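Asks: Read off the chains here:
There are 2 protein chains.
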Amino acid sequence: MTGLNSSCGACKFLRRRCTNECIFAPYFSYEHATTHFSAVHKVFGASNVSKLLSCLPVLERTDAAITVAYEALARMHDPVYGCVSHIFSLQQQIACLMEEIEVIENQMANRAVDICNNPYLFTQSNIDQSVPILDSEIAAVDQISEIYLDSGIIERLLQELDQD
Amino acid sequence: MTGLNSSCGACKFLRRRCTNECIFAPYFSYEHATTHFSAVHKVFGASNVSKLLSCLPVLERTDAAITVAYEALARMHDPVYGCVSHIFSLQQQIACLMEEIEVIENQMANRAVDICNNPYLFTQSNIDQSVPILDSEIAAVDQISEIYLDSGIIERLLQELDQD
Chain Z
128 MTGLNSSCGA
138 CKFLRRRCTN
148 ECIFAPYFSY
158 EHATTHFSAV
168 HKVFGASNVS
178 KLLSCLPVLE
188 RTDAAITVAY
198 EALARMHDPV
208 YGCVSHIFSL
218 QQQIACLMEE
228 IEVIENQMAN
238 RAVDICNNPY
248 LFTQSNIDQS
258 VPILDSEIAA
268 VDQISEIYLD
278 SGIIERLLQE
288 LDQD
Chain D
128 MTGLNSSCGA
138 CKFLRRRCTN
148 ECIFAPYFSY
158 EHATTHFSAV
168 HKVFGASNVS
178 KLLSCLPVLE
188 RTDAAITVAY
198 EALARMHDPV
208 YGCVSHIFSL
218 QQQIACLMEE
228 IEVIENQMAN
238 RAVDICNNPY
248 LFTQSNIDQS
258 VPILDSEIAA
268 VDQISEIYLD
278 SGIIERLLQE
288 LDQD
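Protein chains in written order, with our numbering: chain Z, 128 to 291; chain D, 128 to 291.
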């Protein structure tokens, strides 16, 4: 129970009286908790989540409730792949980054060979030749840097899913 | 129903007769299907997964069943974070790769400046100076390349979880 005359999002959704012993209240009492619990109930079932939370140490229940809500909302959003689609997306990003590192590594190796074979080409008078190559390489790296990376993934995804 | 006198993994777990209309049979009839369905039932509930599959086009049900089994097994393995721990791990890998690209980018930029300012240092007689630097850079990239990447994540994770 979150306060006088107020029920947690889970009890509001389940249309039941919220008590001091409510297992959901500490973790489903924020603004969109009722909507999120609706997804949790539909995907996992309130009873299963209640059992899961009850089996965990109190200190770990918040993270469990957040990840369960995230998985449930992701499954509502994408019934076929759920949050696994996000795993695929991250794997794709890793593949792109590793490919980029390989490209840069090859460029570095080729440049080292060029320098060793022809050091006098890299004089100040030839600077204009080398700068464009470096610029294009840095541009490629900048492009990669634009890939989304955020440690607050759950909060962001919950927000995104709310907006859909 | 998977064959004469044989039940699918779901029906074996639920101790019921498997019929031709069984919604689970096409997707839970492999070697460890009974064990996997046990996790699916505990985490999601057989009824919820039955509803999910029934609402999807037949062609999408296999992927849905696989991802549901994956999420369920991951949650059994890690009751607090479930498969979200894998998302965190992938994010960490991305952070490492982006950091590595930044390091290489800076090394390239510094080397370009060195070459422009002092091209005569990079003669054949000085090759021994440049090779160790390149080797260390390549070694760092190789280290990054050892990070696990596999498009068959679900199958691998299911196997890993089976072994725990």
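Simulated from the structure, these hints should not be mistaken for lab results. There could be a bad hint or two in this list.
[To be verified] Below, simulated DSS-like cross-link-like pairs (lysine-lysine); rule was C-alpha separation at most 30 Å, straight line:
hint: 1; chain 1: Z; residue 1: Lys139; chain 2: D; residue 2: Lys178
hint: 2; chain 1: Z; residue 1: Lys169; chain 2: Z; residue 2: Lys139
hint: 3; chain 1: Z; residue 1: Lys139; chain 2: D; residue 2: Lys139
hint: 4; chain 1: Z; residue 1: Lys169; chain 2: D; residue 2: Lys139
hint: 5; chain 1: Z; residue 1: Lys178; chain 2: D; residue 2: Lys139
hint: 6; chain 1: Z; residue 1: Lys178; chain 2: Z; residue 2: Lys139
hint: 7; chain 1: Z; residue 1: Lys169; chain 2: D; residue 2: Lys178
hint: 8; chain 1: D; residue 1: Lys139; chain 2: D; residue 2: Lys169
hint: 9; chain 1: D; residue 1: Lys139; chain 2: D; residue 2: Lys178
hint: 10; chain 1: D; residue 1: Lys169; chain 2: Z; residue 2: Lys139
hint: 11; chain 1: Z; residue 1: Lys178; chain 2: D; residue 2: Lys169
hint: 12; chain 1: D; residue 1: Lys169; chain 2: Z; residue 2: Lys169
[What the hints assert, rightly or not] Listed next, the stretches of chain D that the computed footprint assigns to chain Z, with coverage defined by at least 3 CB atoms under 8 Å from CB atoms of chain Z:
hint: 13; region: 145-159
hint: 14; region: 162-172
hint: 15; region: 176-189
hint: 16; region: 211-217
hint: 17; region: 220-227
[Stated by the list, open to error] Output of the computed footprint for chain D on chain Z, the stretches with three or more beta carbons under 8 Å from beta carbons of chain D:
hint: 18; region: 149-159
hint: 19; region: 208-221
Because the structure is a prediction, the values reported are computed rather than measured. Cβ atoms here follow ideal geometry from the backbone N, Cα and C, with glycine treated the same way.
Asks: Compare the structure with each hint and give your call.
Replies: Hints versus structure:
Proposed proximity of Z:Lys139 and D:Lys178 is supported: the alpha carbons are some 24 Å apart, at most 30 Å. Pair hint Z:Lys169 plus Z:Lys139 holds up; C-alpha atoms about 15 Å apart against a cutoff of 30 Å. Among the hinted pairs, Z:Lys139 with D:Lys139 is inconsistent with the structure: their alpha-carbon atoms are about 37 Å apart, more than 30 Å. Proximity of Z:Lys169 to D:Lys139 is assessed by CA-CA distance (about 25 Å); at most 30 Å being required, the pair is judged to hold.
At most 30 Å may separate the alpha-carbon atoms for a hinted pair to count; Z:Lys178 and D:Lys139 meet this at roughly 24 Å. This hinted pair checks out: Z:Lys178 and Z:Lys139 have alpha carbons roughly 19 Å apart, not beyond 30 Å. Note on Z:Lys169 and D:Lys178: the hinted pairing holds, with a Cα-Cα distance of about 10 Å set against a maximum of 30 Å. Between D:Lys139 and D:Lys169, the direct Cα distance comes to roughly 15 Å. Compliance with the 30 Å bound is thereby established for this hinted pair.
Using a Cα cut-off of 30 Å, the hinted pair D:Lys139 and D:Lys178 holds, with the two alpha carbons roughly 19 Å apart. In summary, the hint linking D:Lys169 to Z:Lys139 is supported, as the alpha carbons are separated by about 25 Å, within the 30 Å threshold. Among the hinted pairs, Z:Lys178 with D:Lys169 is consistent with the structure: their alpha-carbon atoms are about 10 Å apart, no more than 30 Å. Among the hinted pairs, D:Lys169 with Z:Lys169 is consistent with the structure: their alpha-carbon atoms are about 15 Å apart, no more than 30 Å.
For the region 145-159 of chain D, the assignment as covered by chain Z is violated, since 0 residues bring a beta-carbon within under 8 Å of that chain's beta-carbons and 3 are needed. Counting residues of the region 162-172 of chain D whose beta carbon lies closer than 8 Å to any beta carbon of chain Z gives 4, which meets the minimum of three for the stated coverage. Here the region 176-189 of chain D counts 4 residues with a CB under 8 Å from a CB of chain Z, which clears the bar of 3, and the coverage holds. With 5 residues having a Cβ less than 8 Å from any Cβ of chain Z, the region 211-217 of chain D passes the three-residue criterion, so the hint holds.
Here the region 220-227 of chain D counts 6 residues with a CB under 8 Å from a CB of chain Z, which clears the bar of 3, and the coverage holds. Judged by the Cβ-Cβ criterion of 8 Å, the region 149-159 of chain Z is not covered by chain D as claimed, because only 0 of its residues qualify and three are needed. Chain D is given as covering the region 208-221 of chain Z, and this holds because 11 residues of the stretch bring a CB closer than 8 Å to a CB of that chain, at least three being needed.
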